[in-house]
Amino acid sequence: MSKKPRLRFAPSPTGGLHLGGVRTVLYNYLFAKRHGGTFVLRIEDTDQARYVDGAEQYILDCLQWCGLEPDESPFNPGPYGPYRQSERKEKGIYREYADRLVKEGHAYYAFDSPEQLEEMRSRYSTPENPSPQYNHTLRGKMRNSLSLDAEETASLLAGGTPYVIRIRVDPGQEVCLNDMIRGEIRFSTSGLDDKVLLKADGMPTYHLAVVVDDYLMEITHAFRGEEWLPSAPVHVLLWKALFGEQHMPKWAHLPLILKPDGNGKLSKRDGDRLGFPVFALNWTDPKGELTKGFREIGFLPGAFLNMLAMLGWNDGSGQELFTLQELIEKFSMERVHKGGAKFDFEKAKWFNHEWIKWSTADALAPLVKPLFVEKGIAIPEGERFTQVLGLIKERCTLLTDFVQQGAFFFTFPANPDLASIQAKWNEAKQLFFAELIRQYELLPEWEADRLEADFKQMAAAAEIKPGDLLQPLRIMLVGGKYGPGVFAIAAWLGRQETIHRIRHVMGLLRP
RNA sequence: GAUCUGUUCGUCUAAAGGCCAGGACCCGGGACUUUCAAUCCCGGAAUAUGGGUUCGAUUCCCAUACAGAUCACCA
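Residue numbers are given in this note's numbering: position 145 of the first sequence equals residue 144, and the series is strictly consecutive.
Please note: incorrect hints may appear among the correct ones.
To be verified - Listed next, the in silico DSS-like pairs over lysine-lysine satisfying Cα-Cα at most 30 Å (straight line):
#: 1; residue 1: K258; residue 2: K286
#: 2; residue 1: K198; residue 2: K291
#: 3; residue 1: K249; residue 2: K239
#: 4; residue 1: K423; residue 2: K374
#: 5; residue 1: K267; residue 2: K239
#: 6; residue 1: K368; residue 2: K258
#: 7; residue 1: K368; residue 2: K464
#: 8; residue 1: K90; residue 2: K2
#: 9; residue 1: K258; residue 2: K140
#: 10; residue 1: K329; residue 2: K341
#: 11; residue 1: K267; residue 2: K374
#: 12; residue 1: K140; residue 2: K2
#: 13; residue 1: K374; residue 2: K291
#: 14; residue 1: K291; residue 2: K249
#: 15; residue 1: K90; residue 2: K140
#: 16; residue 1: K249; residue 2: K198
#: 17; residue 1: K239; residue 2: K90
#: 18; residue 1: K348; residue 2: K480
#: 19; residue 1: K329; residue 2: K88
Claimed, not checked - Just the calculated beta-carbon pair ranges, DEER-fashion:
#: 20; residue 1: A447; residue 2: E333; range: 48 to 56 Å
#: 21; residue 1: T322; residue 2: S266; range: 23 to 31 Å
#: 22; residue 1: A199; residue 2: I327; range: 40 to 48 Å
#: 23; residue 1: N262; residue 2: I463; range: 44 to 52 Å
#: 24; residue 1: W349; residue 2: Q470; range: 40 to 48 Å
#: 25; residue 1: D98; residue 2: E217; range: 41 to 49 Å
Bear in mind the hints are in silico, worked out from the structure with no lab data behind them. Glycine included, C-beta positions come from ideal geometry on N, C-alpha and C.
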């Protein structure tokens with residue numbers, strides 16, 4: 000790489016950050032870091048109608064949670080600011096380039112009202128061509144500085160008639176785009192339309208803004224979703240007209256993330272319908288409707304990123320578990336897929352489970368603690384708590400599972416599952432546990448192996464299969480048929496609590 | 001409808017002309033065991049179709065089929 004790469008993520012602050020968006024961030028970030036480059040966050044807030052308060056902070060929170068923090072952003076500006084397009088517009092940046100395009104004949108003024116545009120679309124719409132475009136064939140029939148004479152245009156302009164600036168695309172030329180993932184893609188300009196570049200409110204559209212800002216911010220590589228491919232030739236045309244193609248960033252259009260069932264882009268609705276999140280973090284829309292995020296349902300950020308990275312990329316070795324650091328070291332655009340990938344929530348959970356197993360109890364503790372607190376469960380400080388996490392982490396797929404799996408350590412089992420032992424409960428067992436309590440009370444040391452050894456010895460003496468006694472003991476200590484080894488549990492609970500729990504359930508059972 | 005992009009087990013994918021198409025998720029079975037997990041073993045399942053090119057095609061070419069994206073003063 001000749002110079003330090005500069006990459007950007009350029010979301011519009013309109014709502015929750017989607018899985019696909021996070022993956023776009025990730026690939027941009029990985030590539031930047033892989034090559035010692037810079038990762039910038041630029042806010043594309045040019046659509047004031049869709050702007051949502053708080054969405055910008057939300058995006059930053061997502062990046063922070065993921066650990067994909069930008070080197071330059073509206074919150075920590077670098078030398079290429081401002082980093083919000085609305086602020087850039089205030090400085091007249093886009094206007095200047097739009098005017099230049101008009102002056103040089105690459106763009107023109109269009110005075111058509113929304114009604115007139117609608118009228119045009121319905122008038123020229125046919126079964127063969129359901130979406131007529133504002134292009135070289137139709138622009139002569141519309142009200143613009145190409146169809147009107149200069150005098151009329153000037154008076155319209157002087158009279159304050161609302162107008163937009165549209166790119167002038169001449170037919171019959173070929174635009175070639177060299178995509179890092181897909182190779183050479185050719186478009187004929189005949190199929191392109193005269194896209195609006197500058198809106199009537201003076202704001203640029205995405206097309207103008209992305210080109211101008213990528214140039215001004217010296218972006219070297221631009222990775223974005225595949226849905227942008229159809230408008231890529233317009234951007235190439237703009238680059239040629241404004242700054243020269245040789246300065247254009249290298250493009251890559253990332254494959255789409257598809258819905259698990261059927262086909263098509265994964266949407267928030269699919270998540271609601273199928274019962275999984277599609278946003279990174281909880282998102283509350285302006286109407287107050289909450290959409291769950293991966294963080295809140297109990298994902299580790301590392302697992303989330305790991306899963307996303309593998310949706311469309313692999314290093315060819317068969318390795319599936321990667322830390323962010325490893326991804327940075329191994330990531331390469333050459334190995335990014337062309338085809339879209341269906342999102343599989345089961346596999347996503349598998350990644351998280353692996354990450355939890357792999358995490359230390361100490362690392363998990365601060366993440367899990369609030370979950371217990373939330374449920375009103377008082378937890379001990381320090382080692383006592385992490386010991387429990389160590390005991391149960393391998394059976395937790397989501398962080399939230401820890402509460403379910405671990406609550407009985409800290410709270411007395413209120414409703415023990417008597418049904419599963421009552422049927423086989425008898426005098427002999429009653430006697431056994433009474434004796435067990437006596438024995439345990441006298442035990443010099445309270446430690447799992449010793450507890451187990453004594454238990455088995457006594458079972459043998461009583462001529463009852465240990466298995467028939469362990470089930471009741473588990474219900475007594477845990478309350479249900481789950482959890483780690485019973486003697487490890489007893490050891491952790493301590494003598495007093497263990498005996499208390501045994502006694503309590505014995506009182507509930509009738510031989 | 002037009003333009004563009006895709007297509008290997010149900011899903012994510014490996015094999016960048018050449019060992020029985022490999023791994024993972026998932027599902028089924030077994031082992032272990034003290035429940036549930038974890039772990040280990042075994043099994044299930046794929047190159048969309050048709051033509052070429054080649055001694056040999058998952059891989060290269062063409063056609064067909066299917067799927068997707070886009071077609072706003074939204075990004």
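Hints and how they fare:
| no. | hint | in the structure |
| --- | --- | --- |
| 1 | K258 / K286 | 26 Å, holds |
| 2 | K198 / K291 | 35 Å, violated |
| 3 | K249 / K239 | 14 Å, holds |
| 4 | K423 / K374 | 34 Å, violated |
| 5 | K267 / K239 | 37 Å, violated |
| 6 | K368 / K258 | 34 Å, violated |
| 7 | K368 / K464 | 39 Å, violated |
| 8 | K90 / K2 | 28 Å, holds |
| 9 | K258 / K140 | 42 Å, violated |
| 10 | K329 / K341 | 23 Å, holds |
| 11 | K267 / K374 | 28 Å, holds |
| 12 | K140 / K2 | 47 Å, violated |
| 13 | K374 / K291 | 18 Å, holds |
| 14 | K291 / K249 | 35 Å, violated |
| 15 | K90 / K140 | 35 Å, violated |
| 16 | K249 / K198 | 27 Å, holds |
| 17 | K239 / K90 | 24 Å, holds |
| 18 | K348 / K480 | 23 Å, holds |
| 19 | K329 / K88 | 39 Å, violated |
| 20 | A447 / E333: 48 to 56 Å | 52 Å, holds |
| 21 | T322 / S266: 23 to 31 Å | 30 Å, holds |
| 22 | A199 / I327: 40 to 48 Å | 44 Å, holds |
| 23 | N262 / I463: 44 to 52 Å | 59 Å, violated |
| 24 | W349 / Q470: 40 to 48 Å | 30 Å, violated |
| 25 | D98 / E217: 41 to 49 Å | 23 Å, violated |
In this structure, the earlier hints numbered 2, 4, 5, 6, 7, 9, 12, 14, 15, 19, 23, 24, 25 are contradicted, and the remaining ones agree with it.
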